[in-house]
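Place chain C on chain B using the hints.
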Amino acid sequence: MIRIKNVSMSYKGAHRPALKDINVDIDRGEFIFLVGPSGCGKSTFIRLLLRELIPTKGDIFIAGHDLVNMRRWRVPLLRRNIGCVFQDYKLLPNKTVYENVAFALEVIGRPTKVIKAQVPEVIRLVGLEEKLSNYPDELSGGEQQRVSIARAFANRPAIILADEPTGNLDPATSSGIMSLLNKINRTGTTVLVATHDREMVDSMRKRVIALEEGALMRDQQRGVYGYEE
Amino acid sequence: MQFRPFYFLKESLVSFKKNWVISMAGITTVALSLLLVGAFMLFAFAMNNIIKSTEQKVEVVLFLAEGVPAESVEALQAEIISWEEVKKATYVSKEQALGRLKQEFKESDMLEMLEGNPLPASLEVTLKNPQKANDVVDRLKGRSEIDDIRHDRETVERLFQVTRVARWFIVVFVGLLAFTSLVLIANAIRLAIYARRKEVAIMRLVGASNWFIRWPFLLEGILQGFIGGIIAALLLYLAKVMLIDKIKGALVFLPISSSPQEFYQLIFALLAAGMFIGAAGSAIALRRFLRV
Chain B
1 MIRIKNVSMS YKGAHRPALK DINVDIDRGE FIFLVGPSGC GKSTFIRLLL RELIPTKGDI
61 FIAGHDLVNM RRWRVPLLRR NIGCVFQDYK LLPNKTVYEN VAFALEVIGR PTKVIKAQVP
121 EVIRLVGLEE KLSNYPDELS GGEQQRVSIA RAFANRPAII LADEPTGNLD PATSSGIMSL
181 LNKINRTGTT VLVATHDREM VDSMRKRVIA LEEGALMRDQ QRGVYGYEE
Chain C
1001 MQFRPFYFLK ESLVSFKKNW VISMAGITTV ALSLLLVGAF MLFAFAMNNI IKSTEQKVEV
1061 VLFLAEGVPA ESVEALQAEI ISWEEVKKAT YVSKEQALGR LKQEFKESDM LEMLEGNPLP
1121 ASLEVTLKNP QKANDVVDRL KGRSEIDDIR HDRETVERLF QVTRVARWFI VVFVGLLAFT
1181 SLVLIANAIR LAIYARRKEV AIMRLVGASN WFIRWPFLLE GILQGFIGGI IAALLLYLAK
1241 VMLIDKIKGA LVFLPISSSP QEFYQLIFAL LAAGMFIGAA GSAIALRRFL RV
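Chains as they are written, first to last, in our numbering: chain B, 1 to 229; chain C, 1001 to 1292.
Pulled out of the complex, with its shape left as it was, chain C reads as follows:
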C-alpha cells in the first residue's frame, strides 16, 4: 500500500470545500466541547494551586482574645506543643500580623483606609498529620483565651467538594458534546463519501487499495477535529489573556497562577483530542458507509 500524503490531503481539502457548511457543524461542536474541557482544566489547575498552597499553610489558627496576659498565652502554647499530634505552634503578635498583611498587599492601596490595628494576635498550629485537625479543634473549643479558631482544612475540603462536583458535571456534559461532535463529523464524512460515491466505485473496480480509498476521508475528519481544536485553543488563550490574567492582577492574594508550561500542555492535549474525535468520527462513517 502506498501512502501519498499530498494527494490524500488535496483530495480531502477539495471535498472539505465542497460541503463546508456541514463540516462547520462538526467543527463547532468539537470546538465547544474542547473549549469546555480546557476551561475546566484551567479552573482545576487554579483550584489545585489554591488547595496546595492552603495545605502548606498552617492547618489551625487560634485567634487570641483581646487582653489575654502573656503568661497564659505562653502556657497555652506550651500545652499545645506537648500534644503528640502537634508539630509546632508559633505565636504571631498583632504587629506581626499587620506587617504580613501589608506585605501581601504592598501593590494595592487598600490598607491606607485602615485605622489602627484591627488584627488579633494568634497562635498558628502546624500538625504532624493534617487529618487530625478536627480533634485538635474540638479540644480547644471553648477556651477563654481563644476568641476564634480558623480551620483551613474545612476550606480545603469544601474546595475539593466543589471541584469533585464540577468535575462530574463537566465529564457528563463534555461526554455528551463529544458524542455529538462524533455524530456530526461522521455525518459530514458520510456526505463526503456520498458525494464521491462514483469515484469510490471506480476506485474499487480498478483495484485501488482499501486504505488508498479511506485515507482522504479519514484525513478530512481529522482535519475537522483539528480545526475545532485550534478554535478552542485560540478562545482559551484569549480567555486566559483577557480574563484570568486580569483577575490574577486584581486578586493578588489568591494563588491561582498556572504555569505557562501547564497551559501549553493543555493546548497540545486539546489539539490531540480534537484530532482523535475527528478520526473516530470518520472511522464510524467509513465502517458504516464505505464497505471497501
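Isolated chain B, as found in the complex:
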C-alpha cells in the first residue's frame, strides 16, 4: 500500500535533514502509530505521503503511484484516496456538521445523489447523527474531531493519515477517538496515526514506527511507545 524507500528530506537552509534514509513498508489494512518527540520528523513524514513535499532523496509509492515523479495535476487524485485528520480539526466555522462533510465530496465533484446518501451514513458512523445541523463552535473538541474524521472518511479513502488527532483532547475523549479510528481500520482502511500519546500507544499494541532526529529508530509489531521522557 505504502512503500517508502531510502527517503531523506532536507529543508532549504536547515543544517540537518528532517528525515534520514527512511525505509518503511505498510500493507493494506494496517494500523500504525508513528511516534517520537517533537521535531523528530513526524509531520514531514505525513506531508511527504500527502505529496505536499517531495523527498530530496529516495522513492515513495502509494498504491503503485510514484509520488516523486508524479505530475502536478495528478496530486489531487492521489489525495482523494487519502483522508486527513489534524490536531486542529480544520473545520469550516460557517458550515454545519453536515455541510462540512458534504463540502469534501462536493469539491471533488461527487454527484449530489451520492453525497446525500453517503454523508448521513458516515456521520452516523462517527456517532454524531444528532448534531447534523450544528455548527462547529457548538460542539466539544471530541465531537469536532469526529466530524473531521467523518470528512476524512466520507470518500472511503484507502488510507487515513492522522497527525496528532488527540493532541487537544482529554484522555477519555482521546480513547473514544482512537476506538473510532480502530473501527475505521477494521473496514479495511489503512490508518496511520502520528502521536505523542504514550498510554494510547501502549494500550492498543499496534505496529509502532519510532522516529528520532529524523532517523528510523524502531519498527515493531504490537509495539509500545518506548521513550523515557
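Think of the hints as simulated: they come from the structure by calculation, not from any bench. Everything numeric in this text was worked out from a predicted model, so none of it was measured. Quick reminder that beta carbons are idealized off the backbone N, C-alpha and C, glycines included. One or more of the hints may lead you astray.
Unchecked claim - Each computed DSSO-like pair below joins lysine-lysine, with the alpha-carbon atoms no more than 30 Å apart:
#, chain 1, residue 1, chain 2, residue 2
1, C, K1198, B, K116
2, B, K113, C, K1198
3, C, K1141, C, K1017
4, C, K1141, C, K1094
5, B, K95, B, K116
6, B, K183, B, K95
7, C, K1088, C, K1128
8, C, K1018, C, K1088
9, B, K131, C, K1198
10, B, K90, C, K1010
11, C, K1018, B, K116
12, B, K95, C, K1198
13, B, K131, C, K1010
As the list claims (entries may be wrong) - Just a sample of chain C residues kept apart from chain B, beta carbon distances all over 10 Å, derived:
#, residue
14, G1175
15, E1199
16, A1280
As the list claims (entries may be wrong) - Covered stretches of chain B (in silico footprint by chain C; criterion: 3 or more residues with CB under 8 Å from a CB of chain C, positions within the stretch not fixed):
#, stretch
17, 53-65
18, 84-98
Okay, now just chain C, sitting in the frame of chain B:
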C-alpha cells in the same frame, strides 16, 4: 476535471459581494481605461472619415483672381491639363460655387445673411498621384491669374499628425491605466483568496482539482473586468447620443459620421478587453498567491 459553471459562478458572486469595495477599485479603473480607449477610437473613426473624404475631394484648388478674362482661364486650364501629373482640371464658376454652398447648407439658415456672391471662381485640379501636389503647387505659385491656392493635402497631413500624436499619448496613458487595473484586480482577487484560505486549504487536502479551486477566483476577476467594460460601454453610448450625434447635427459639413456597425464592434471589443484584463489580473493573483 469537472467544470460546473453555476457552482463556480455562485462562489465568485458570494466572494464578490463580500469584498465589493475593493472590487469597485478594479472595476472603476477598468471602466476608465476602456472609456478612454473607446473615446479615442470614436475620435479616430471620425478622423479617418474626414481624412478619407478629404482625400477623395480635389487635391489642389486654385482660386482665380477677380476679373481674369475667360480666355486666359481657358489657357491656364489647358496648360495644367497638359502636365503629366494632372488627371483633370475642372472650372467652377462663381455661380456654381454658390450653388454648391447652398446645397451643403440647405438645412441651416446661415446663408440668408449672405449678400451677393463673395465666392471666387476656381479651377479644381485632380492629380494622378496626390503625393505630387507640392510640385504642382510650387509651379503655380505667383501666377497672376491665381489669387490663392488651397491645398488639402496639407490639411490631411496635419490631421494625420494630430492623430499620430494623440494615438501615442493614448497608448501610453491607456497602458498605464490598464496596468493599474490589472494590479487592482489582482489585489482584489488576492483578498478573495485570503478570505477563503481555509476553504482552499481543505479543498486541496481532500483532493479538489487545481482548476476546480482556481475557477471561482478566475471568474471573479473576469466578472470585474466585464462590469468595468459594461460601464465604459454605457458611458460611451451616452456620450455618443448626447454629444457626438448633436455635434454632427450642428457641423453638417464635417463628415464625422461613424457607422452604427463600427460603434457596436467597438462596444464588443471593449467588453472583450475588460474580460481579458480581469482574467489576466486574477491569473497574476492565482499564480502568486494560490499555489495549488
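Tested hints:
| no. | hint | result |
| --- | --- | --- |
| 1 | K1198/C x K116/B | holds (24 Å) |
| 2 | K113/B x K1198/C | holds (26 Å) |
| 3 | K1141/C x K1017/C | violated (71 Å) |
| 4 | K1141/C x K1094/C | holds (22 Å) |
| 5 | K95/B x K116/B | holds (16 Å) |
| 6 | K183/B x K95/B | holds (26 Å) |
| 7 | K1088/C x K1128/C | holds (9 Å) |
| 8 | K1018/C x K1088/C | violated (71 Å) |
| 9 | K131/B x K1198/C | holds (22 Å) |
| 10 | K90/B x K1010/C | holds (23 Å) |
| 11 | K1018/C x K116/B | holds (29 Å) |
| 12 | K95/B x K1198/C | holds (12 Å) |
| 13 | K131/B x K1010/C | holds (27 Å) |
| 14 | G1175 | holds (34 Å) |
| 15 | E1199 | violated (6 Å) |
| 16 | A1280 | holds (22 Å) |
| 17 | 53-65 | violated (count 0) |
| 18 | 84-98 | holds (count 3) |
When held up to the earlier numbered hints, the structure conflicts with 3, 8, 15 and 17 and fits the remainder.
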